[in-house]
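**Q** Sequence:
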Amino acid sequence: MRFSANLGFLWTDLPLPDAIRAAKAAGFDAVECHWPYATPTDDVRAALDETGLSMLGLNTARGDVSAGENGLAALPERDDDARAAIDEAISYARAIGCKAVHVMAGFSSGREAHDTFVANLAYACAQAASRGITILIEPLNRYDAPGYFLTTTKQAVALIDTVGAPNLRLMFDCYHVQLMEGDLSHKLADLMPYIGHIQFASVPDRGPPDTGEVRYDHIFDVIGVLGYSKPLGAEYKPKGRTDDTLGWLRRR
Numbered sequence: 050m051r052f053s054a055n056l057g058f059l060w061t062d063l064p065l066p067d068a069i070r071a072a073k074a075a076g077f078d079a080v081e082c083h084w085p086y087a088t089p090t091d092d093v094r095a096a097l098d099e100t101g102l103s104m105l106g107l108n109t110a111r112g113d114v115s116a117g118e119n120g121l122a123a124l125p126e127r128d129d130d131a132r133a134a135i136d137e138a139i140s141y142a143r144a145i146g147c148k149a150v151h152v153m154a155g156f157s158s159g160r161e162a163h164d165t166f167v168a169n170l171a172y173a174c175a176q177a178a179s180r181g182i183t184i185l186i187e188p189l190n191r192y193d194a195p196g197y198f199l200t201t202t203k204q205a206v207a208l209i210d211t212v213g214a215p216n217l218r219l220m221f222d223c224y225h226v227q228l229m230e231g232d233l234s235h236k237l238a239d240l241m242p243y244i245g246h247i248q249f250a251s252v253p254d255r256g257p258p259d260t261g262e263v264r265y266d267h268i269f270d271v272i273g274v275l276g277y278s279k280p281l282g283a284e285y286k287p288k289g290r291t292d293d294t295l296g297w298l299r300r301r
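Per the working numbering, the sequence shown starts with residue 50, numbered consecutively.
Since the hints were made in silico from the structure, they are not lab data. Treat the hints with caution; some may be incorrect.
[To be verified] Using 16 Å as the maximum straight-line C-alpha spacing, the simulated EDC-like pairs for lysine to aspartate or glutamate come out as follows:
1. K236 / D270
2. K203 / D239
3. K286 / D193
[Claimed, not checked] Label-pair restraints from in silico Cβ distances:
4. A171 / R51: 30 to 36 Å
5. L298 / G276: 19 to 25 Å
6. D129 / W84: 17 to 23 Å
7. G101 / D62: 22 to 28 Å
Note that CB positions come from ideal geometry on N, CA and C, so glycine has one too.
Let the sequences and hints guide you as you build the complete structure.
**A** So this is what it looks like as structure tokens:
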């Protein structure tokens, strides 16, 4: 089993290039991030080349964070901004050799939001395909992101089938799925044909995976038996120093 450090939560006290180096020193096999856009791509690429790590994924911009936005792609009135964010993410990903972009839906609901999201996902997939980039969508739980458009794996699968693009995949975050649906082992088995990336954190506090109600040693074994071999994304919130929360990694 291989693991990726999500630098949106881990080593956030360090500049992104130094966080990449810290992940390598800690024994991670890859990295991923949320919104790296304030860091020049040359600096990120240099740190990746130095460490030999790959950047697995990044998110499209949230929009106007001060106004509470958390993604744009399902907002009917923000089509131009959504596609600009998609273009920005694909360009940044291409510059650093990143192979996946998570297109964030945002806070919205209803048929118009659905149709807008479908159209923007089709646009993203078309733009990403020639660059060898996968587009990911991720259901978020209703506790952390009330009002977010995409909340369940069933909804995500329906969107993937509707768009019909081979480079559109599901980001299966065990933390969000457990809070919304539970039954992680069966969900992973049933959805494996759709999954492009897997993330994890403890439930319900989103801490390290060796705490909480989910026994991740078992979940990791299930994932291995299912034949999934890509690095799994450690997207948890450390309490204190990141290095002090890595006992689970050393035991694997």
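**Q** Hints first: check each against the structure and report whether it holds.
**A** Hints, verified against the model:
{"no.": "1", "hint": "K236 / D270", "in the structure": "14 Å, holds"}
{"no.": "2", "hint": "K203 / D239", "in the structure": "11 Å, holds"}
{"no.": "3", "hint": "K286 / D193", "in the structure": "13 Å, holds"}
{"no.": "4", "hint": "A171 / R51: 30 to 36 Å", "in the structure": "32 Å, holds"}
{"no.": "5", "hint": "L298 / G276: 19 to 25 Å", "in the structure": "22 Å, holds"}
{"no.": "6", "hint": "D129 / W84: 17 to 23 Å", "in the structure": "19 Å, holds"}
{"no.": "7", "hint": "G101 / D62: 22 to 28 Å", "in the structure": "23 Å, holds"}
Consistency note: the structure conflicts with none of the earlier hints.
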